[in-house]
Amino acid sequence: MPDTALPLRLNGNEASPRTAKRKRACLSDVLGLAVEEQYFTMPVNPITAVKWTAPKSMEAVDPESVANPRQVRALPAGVREQGPRGRHLEAFSDACTTRRCVPLRPPDCA
Numbered sequence: 250m251p252d253t254a255l256p257l258r259l260n261g262n263e264a265s266p267r268t269a270k271r272k273r274a275c276l277s278d279v280l281g282l283a284v285e286e287q288y289f290t291m292p293v294n295p296i297t298a299v300k301w302t303a304p305k306s307m308e309a310v311d312p313e314s315v316a317n318p319r320q321v322r323a324l325p326a327g328v329r330e331q332g333p334r335g336r337h338l339e340a341f342s343d344a345c346t347t348r349r350c351v352p353l354r355p356p357d358c359a
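If you read the sequence shown in the working numbering, its first letter stands for residue 250, the second for the next number, and so on.
A couple of the hints might just be wrong.
[Stated by the list, open to error] Listed next, the in silico SDA-like pairs over lysine to any residue satisfying Cα-Cα at most 25 Å (straight line): (1) Lys305 / Ala264; (2) Lys300 / Arg319; (3) Lys270 / Thr302; (4) Lys300 / Gly281; (5) Lys300 / Pro256; (6) Lys305 / Pro256; (7) Lys300 / Cys275; (8) Lys272 / Val310; (9) Lys272 / Ala316; (10) Lys305 / Val284; (11) Lys272 / Phe289; (12) Lys270 / Ile296; (13) Lys300 / Val284; (14) Lys300 / Pro325; (15) Lys305 / Ser265; (16) Lys300 / Gly335; (17) Lys270 / Val321; (18) Lys270 / Lys300; (19) Lys305 / Gly261; (20) Lys270 / Leu259; (21) Lys305 / Pro295; (22) Lys270 / Phe289; (23) Lys272 / Leu259; (24) Lys270 / Met307; (25) Lys305 / Glu285; (26) Lys300 / Thr290; (27) Lys300 / Tyr288; (28) Lys270 / Asn260; (29) Lys272 / Thr302; (30) Lys270 / Val293; (31) Lys300 / Ala283; (32) Lys272 / Asn262.
Everything labelled a hint here was simulated from the structure, so no lab data went into it. What you are looking at is a predicted structure, and each value in this text was computed from that prediction instead of being measured.
Produce the complete structure using the sequences and hints provided.
What follows is the structure, given as structure tokens:
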């Protein structure tokens, strides 16, 4: 049962590989605690007897979740419009770009 339930979300769709690994780790911890507290007659964690292969993870980036160049260019102006703190936040957003991150000093933020 753990190998079929762990990689699924509550609605039955497939969960991410990272979620499946996290769920297995939690289940292992709970069963390990149950063994320590002697809820089982066996002296070992029963999950170690279950053969399980972690799902392969794909490190693909969804293009819909990445800002396009027009959005990136509009970001400083959008930050500036966020009220009195916007000017300070704009200095930070200008300093941290995709190409470099510049350490800010107090005079830079005044």
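Indices of hints not satisfied (ascending): Going through the list in order, the structure violates hints 2, 9, 10, 14, 16, 17, 25 and respects the others.
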